[in-house]
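S.K.: In terms of our numbering, the sequence shown opens at residue 71 and continues consecutively.
Among the clues, some could well be false.
As the list claims (entries may be wrong) - Simulated crosslink set (SDA-like; lysine to any residue; CA at most 20 Å straight-line): (1) Lys111 x Ala130; (2) Lys188 x Lys111; (3) Lys414 x Asn387.
Don't read these hints as lab results, they were simulated from the structure.
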Amino acid sequence: SYSFCTLLNLNKMASSKPLLGMVGWRGMVGSILVDRMKEEKDFEHVNTRFYSTSNAGGDAPKIDGQQEEKLADAHSADSLKECDIIISCQGGDYTHATLPKLLELGWKGYWIDAASAKRMDSDTVIILDPVNMKHIQDSLTKGFKIFAGGNCTVSLMLMALGGLFEAGIVDWVSSMTYQAASGAGQAHMKELITQMGELSSNVDLQKPASTIEEQSRQGHITTTTWEHQLAGSLLPWIDKEVEDGQSREEWKGDSETNKILNTNTDSKVIVDGLCVRVGVLRSHSQAITIKLKKDIPIEEIESLIANHNQWVNLIENTKQASLTQLTPAAVSGTLNIHVGRVHKLKFGGEFISAFTVGDQLLWGAAEPLRRMLRIILERK
């Protein structure tokens, strides 16, 4: 049995750990984040307080490490300000309503956010440490305390092609995205599955094949969440309209890429393209055209891509390899980023193509958040 002194020492050790507040941990991104934190034993390095916006006082989840047994009130600034670090997956409205109150109270902790609310603010750093670790570390040294995960397609593109950006050889990028339903949230993914079932039930396969498409259009398709049919179709617009004919999702491509890379006027990389929602459950794909600053041998390009980080996998540009390894089904649920279809285009030697696919719920959402937590803890 433990002696009184042993128990006292254990309590001192526990209390010396930073207090982590977890908000929005039950949603799609939040639940995946918690699972990853368990896998990587992140909770062993902190005392954890789980928050709820609707069930304060309820039982907190059971995890390894030091944690409080009951859920705290996510609307209580007095409780939140006791945290050394807060990770929020609760959404932009919550961030706008809560973070200013904390700062007004003189809170000096670290705020790590999955939402886009603060990404482009001057007091916020967009985090993707395999790509911009030096910028993150420099920002911490300068006293930055607010960190946000980036847009999912931007993060996945930079993870896939980070070697080219790091080498400073990219002039511009045009990305055409194929974004999965889960990128819009849990309810949207569920409705896609509902639509798939309705689409199947609307079709009598005993009738001539020539009538299948017509049959599919005659039955009911639920469009409560999506507002439009996605199953058996696609949606060529994501997010709000902004200027210059872009959607907000497309606007993020240029603005967030350059903020992550911490470029200046001279080093800015132009990023543009179209963002499309497709009837895939999980993992985003992108067809990318890249204009390099000079003609470089394809072997050197492939080497830069393949050797940038441990998660990128260069897929051979063959039919068989592409169809088996360059799909959402091949990467969903993993940290792997697959890059293929890399070859020179007929526009000229400095033009190349690439097709990338990665799980947007991991590198595009949850993974940078938990890695930022560890970066902060290592500095402490």
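S.K.: Does each hint hold? Answer for all of them.
M.R.: Hint by hint, here is what the structure shows:
1. Lys111 x Ala130: 18 Å, holds
2. Lys188 x Lys111: Judged against 20 Å, a Cα distance of about 28 Å means the pair is violated.
3. Lys414 x Asn387: 11 Å, holds
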